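Novice: Listed below are the residues making up each chain.
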Amino acid sequence: MAGKNSEQFVIVGANYKTHIPEAKKPSIMYRLKGKPIISIVILGIIVLGCVFAEQVYNHDPTGFYLQNLSEAPNSEFYFGTDSLGRDIFSMIWYGGRASIMIGLLSMTIITVIGVVYGCISGTANSRIDAIMMRVPEIINSIPILLLVLLLTSVMGTQNIMKISFVIGVTGWCALARIVRSEVRQIRSSEYVLAARCMGGGFLHTMLRHLIPNLVSTIMFVVVSSISSSMSMESTLSFLGLGLPVDVISWGSMLSLANKALLLNTWWVIIIPGVFLIITLVCITNIAYFFRRETNKQESIL
Amino acid sequence: MNPKAMIIKKITKRTLGLILTMFILSVGVFYLARLAPGDPLQSFYGDAVESMTTQELDAARIRLGLDGPIYAQYTKWIGNASQGDFGLSLKYKTPTLDVVSPLIGNTLILGGTAYILVFVLATLLALFCAMNEDSLFDRIICKVGTAAYYIPPFWLGVVLVLIFSINLHWLPSSGAYDIGKSGDILNRIRHMILPLIVMILSHLWYYAYMIRNKLLDEVRKDYVLLAKSKGCTKTEIVFKHCFRNVAPTIVSIMAISIPHVLSGTYIAESVFNYPGIGALSVQSAKYHDYNLLMLVVLITGLLVISSSIIAQSINEVIDPRMKLTEVSAWREKTASSSS
Chain A
178 MAGKNSEQFV IVGANYKTHI PEAKKPSIMY RLKGKPIISI VILGIIVLGC
228 VFAEQVYNHD PTGFYLQNLS EAPNSEFYFG TDSLGRDIFS MIWYGGRASI
278 MIGLLSMTII TVIGVVYGCI SGTANSRIDA IMMRVPEIIN SIPILLLVLL
328 LTSVMGTQNI MKISFVIGVT GWCALARIVR SEVRQIRSSE YVLAARCMGG
378 GFLHTMLRHL IPNLVSTIMF VVVSSISSSM SMESTLSFLG LGLPVDVISW
428 GSMLSLANKA LLLNTWWVII IPGVFLIITL VCITNIAYFF RRETNKQESI
478 L
Chain B
44 MNPKAMIIKK ITKRTLGLIL TMFILSVGVF YLARLAPGDP LQSFYGDAVE
94 SMTTQELDAA RIRLGLDGPI YAQYTKWIGN ASQGDFGLSL KYKTPTLDVV
144 SPLIGNTLIL GGTAYILVFV LATLLALFCA MNEDSLFDRI ICKVGTAAYY
194 IPPFWLGVVL VLIFSINLHW LPSSGAYDIG KSGDILNRIR HMILPLIVMI
244 LSHLWYYAYM IRNKLLDEVR KDYVLLAKSK GCTKTEIVFK HCFRNVAPTI
294 VSIMAISIPH VLSGTYIAES VFNYPGIGAL SVQSAKYHDY NLLMLVVLIT
344 GLLVISSSII AQSINEVIDP RMKLTEVSAW REKTASSSS
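Same order as they appear, the protein sequences are chains A and B.
Counting from 178, one number per residue, gives the positions in the first sequence under this note's numbering.
Counting from 44, one number per residue, gives the positions in the second sequence under this note's numbering.
By construction, these hints were calculated from the structure, which means they are not laboratory data.
Being a predicted model, the structure only gives us computed values, none of them experimental.
Errors might be hidden in some of the hints.
Lysine-lysine pairs mimicking DSBU-like chemistry, simulated, CA-CA at most 35 angstroms apart [what the hints assert, rightly or not]:
| id | chain 1 | residue 1 | chain 2 | residue 2 |
| --- | --- | --- | --- | --- |
| 1 | A | K436 | B | K186 |
| 2 | A | K212 | B | K264 |
| 3 | B | K329 | A | K339 |
Covered by chain A, according to a simulated footprint, are these stretches of chain B (three or more residues, beta-carbon under 8 angstroms) [unchecked claim]:
| id | region |
| --- | --- |
| 4 | 298–312 |
| 5 | 340–350 |
C-beta atoms are modelled at their ideal positions from N, C-alpha and C, and glycine is treated no differently.
This is chain B alone, in the form it adopts within the complex (with noise of 0.2 angstroms):
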């Protein structure tokens, strides 16, 4: 078969399982979402709806989609949702379109800065750790490392708040940006310094210990001992040789990492009252508003999975050893040892 042709089928095959999964899991968060307790008509309308007529309720009902049998409402719901229309928001009144779009940007940035900056920094003391392996910094690293993973990062992102905005004043504890100077970057960027302290702290350890663990499992390998016998230097070996065999596994790492990452953004943003999807999904969990958390649980899918697809992708061009049935393989091996 012509390169070509396999790369249409390639990209045919990951968009049908995108799809897949994503008409999958929109069944089982509508599902769970329609069985819940509590009368989505009572969150909408409040107490008024004790006061309304037998016609009313039905009109009301028919208005927001729950009329009829739970399958027939799917099948409404998802005719809509291609439409982009996934249904008003229960607390906002509005469709959940508008109230997600305005923070999703806010999300990425933030989840997008924090990503790139823990997978840089991990693989710099990665690499660090693995040149000076079992020296004293490396040690104190690792001990620190399983450490820090198991501090709740929103118990750090209290904490941090407590001395530096509280009691010294220096960072501003919440929000994305101060009343009326939303097109401050500095002001922006000072606003983010503490969310993105609480997520590297909370993943950069984990991350850079298993890269680590990657690196020298490569050290070990014997075409390390004819490049010492050529007479490479030990930084040469490192970075030209077992850095460039370890960078898949970095990227495949990378991929399995982003619902972590996205976790972790979630719940800085709660803490920090950061204007995004993460603090809007705890918000609409708080208040039953089902719809709005269904386009967040949708769109944290979306984003998740298809990164991981652009993971997969980027794999095999860095990587031409790596066929789609070995990258599965060894993911799923990368997976289970991280975990």
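One chain only, chain A, in its complex shape (with noise of 0.2 angstroms):
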């Protein structure tokens, strides 16, 4: 049975070179299938206005006009005008951008302070371990609300970069908590181990092989803690805390949501409102779509 090759096979069937079963392209319907398409769509609108805020408005966002103070709704000021005599239209998409940047800036510091100090307790010994997480619980022990108002109250006059700072200081105990817990049930396993018998330092096992693990668990908490910053931003901005009145956002628009309510303005509070709460619910519903599904069991009752 030595010289076999495949002249000594005799081939059945013909053209059976030339069938090459087609690969079925899965089609666009299908892929979309499950995705937040809606909330990506919308919140892709609102992030390009923001981005091209030049182009689209039809005013100057920082121009005062002071024959038009309080102007309801019309063909010229479309969102109308506040207090101030802004234009309320051209300030929702260039304030748009701070917004959107105190959202992703305080992201980044949330996910960068989370995922260290969570992978640094996590794979420490038990008693390190042990103390390093009573800090986020003492932090977690008074309101963040309270931490805020301390930290915004300590810092100064507000701008984009300190506002970001204190909303991301305040902000990392939960991911920090999740990170930690998983780290802990991959700390021991075979791979990880491995890289420790290498010579790996914390470093590389943190970069190669805790984190790229973790990323789907804590993507859900990382994309909405976008919004809940930008929810903090405003909020913060409304109690006079957050940025003053001439940095504009959505929330320092919303700040001057008192005088509205003595003037009955409604348009000065529901506009800039509608579309921050628009933005934190499309963010929101994308977070959830990394949320791994769970509960698919069928129900007994």
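Could you use the hints to bring the two separately framed chains together as a complex?
Specialist: Right, here's the structure in full:
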């Protein structure tokens, strides 16, 4: 049986080579199924509008139109003007930049602190771990709002960087806790052990082995931290402790809400709020997509 | 070990934990407040600082406890604090405790009522949803709930004021009572309606959704099948078996939610100018009144930690399966799945 080659075999079936089963491309509809398309589209429109704000707005967002104070929505000022005479339509697009920027910056800070802290705490021995996990517990023992109030008050006049820093520094506890419990589960698995035996340092293990395994778990928290940061920014600005009125963001636009209440001008309150909420809900919807599906079992009841 | 000694040991352990946490919290807050830019003397005396002599300034510093290095200031502060003297409020120029103490009651009434209402309603809603899983009502609740969680409470408050007090003139927009009617309970209730609605609307869905999910996990257990084959009705199974098993979880969720509900109270107070420590904390943060802010932070911390200890104890009483270690491991689980 030494000289066996393909010529000794008879090939049955004509055109066997030409018959290649057609690789069926999954249709676009099938691929998009179950994905938060509506949220992505709406969020895309809002984000693009903010990025290309110069092209979208029809008035100067920083200009004061003193002849048109508190004017209701009309054909010239699509969303009306506020009590300082600024055009709300232009401010929405221009101010969205600051709001989204704050969301993204805070998310970055939260993710970096949360993941690094969680990884250290998860890989450390149990005594250090116990001490390290006390810190988020103490931070969580007072409402985050109060802590943020304290920090903003300490830091003086706010700008975008400062406010993102404050929100980021106070918001990482939940993430750190999740990362830690996840790391505790995978830290004794073979590949982490192997990496350590081969002399891999903490940074190497974290970047190469721990974080890739964490991504799917923490994605939900990371993405939804954008929306909670934006919400926190608007709350702070409304309370008069966030961005000052001349730095335009959706939050600082809402800080005029109390004045608008006295003047009974609904558009100053409703329009920035609706934009803010639509953005938050879209981001959250996308975040939910990342959350692992659970609870699939049939109910017995 | 006999059970009595165990209980005493547990209580001492928790009290020690409480004291330690409060100590760390106070050190952190104290250092933060002292590191803040801006001269406390400036905010206390205003522009009069510039015309004061060096001796007067030193005397003022000693009077306000601002002399010496920070750790010495802290030891002095904590010595005074243990006697109930938390320093002078820089804005009101009176002892901070006098400023805060009349307001704590208001906050507790508002926060407590909202807290109870939120959880009673959330549990009822969750039970209803779990019994009619995947019905239209259930799906609507879930969708609305996830969306409503992200409506900023302050905005909701402002919109409600716009609708109900400014345009419809049904309800007052601010304060705890009209002038001269502090004893009138009906008047107080009327002032509480809007803040309560804001707090319920911004918290209810989220907790209802959480309890619903826990109930649905429970409904999939094997004993439900057994109960069903015994001939129990759906209502009986849910109320007698599932709900009882979920009850400790609900208490746990309630304990975790205290800071969340409290910050909701603080926001509602500042929107509606309700005289409570929440509105006060925002005011003191604005005016850099650190002594006052510190006391508010400490009181809040004490409130939250002691109530979480109470919740933990209640949990052990109503659910003997729970041991201390299990409770903490499991609280962690619920905390991570909830956030």
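Novice: With a cut-off of 8 angstroms between beta carbons, are at least three residues of the region 298–312 of chain B near chain A?
Specialist: holds (count 6)
Novice: Quickly compare the C-alpha distance for A:K212 and B:K264 to 35 angstroms and report which way the hint goes.
Specialist: Given pair A:K212, B:K264 holds - Cα atoms ~31 angstroms apart, limit 35 angstroms.
Novice: Next pair to validate is B:K329 with A:K339; report whether the Cα-Cα distance is within 35 angstroms.
Specialist: 16 angstroms, holds
Novice: Does the alpha-carbon distance linking A:K436 and B:K186 stay inside the 35 angstroms limit?
Specialist: Status holds; Cα separation ~33 angstroms.
Novice: Taking a Cβ-Cβ distance under 8 angstroms as contact, does the region 340–350 of chain B have three or more residues in contact with chain A?
Specialist: Result for this restraint: holds, n = 5.
The structure meets every hint from the earlier list without exception.
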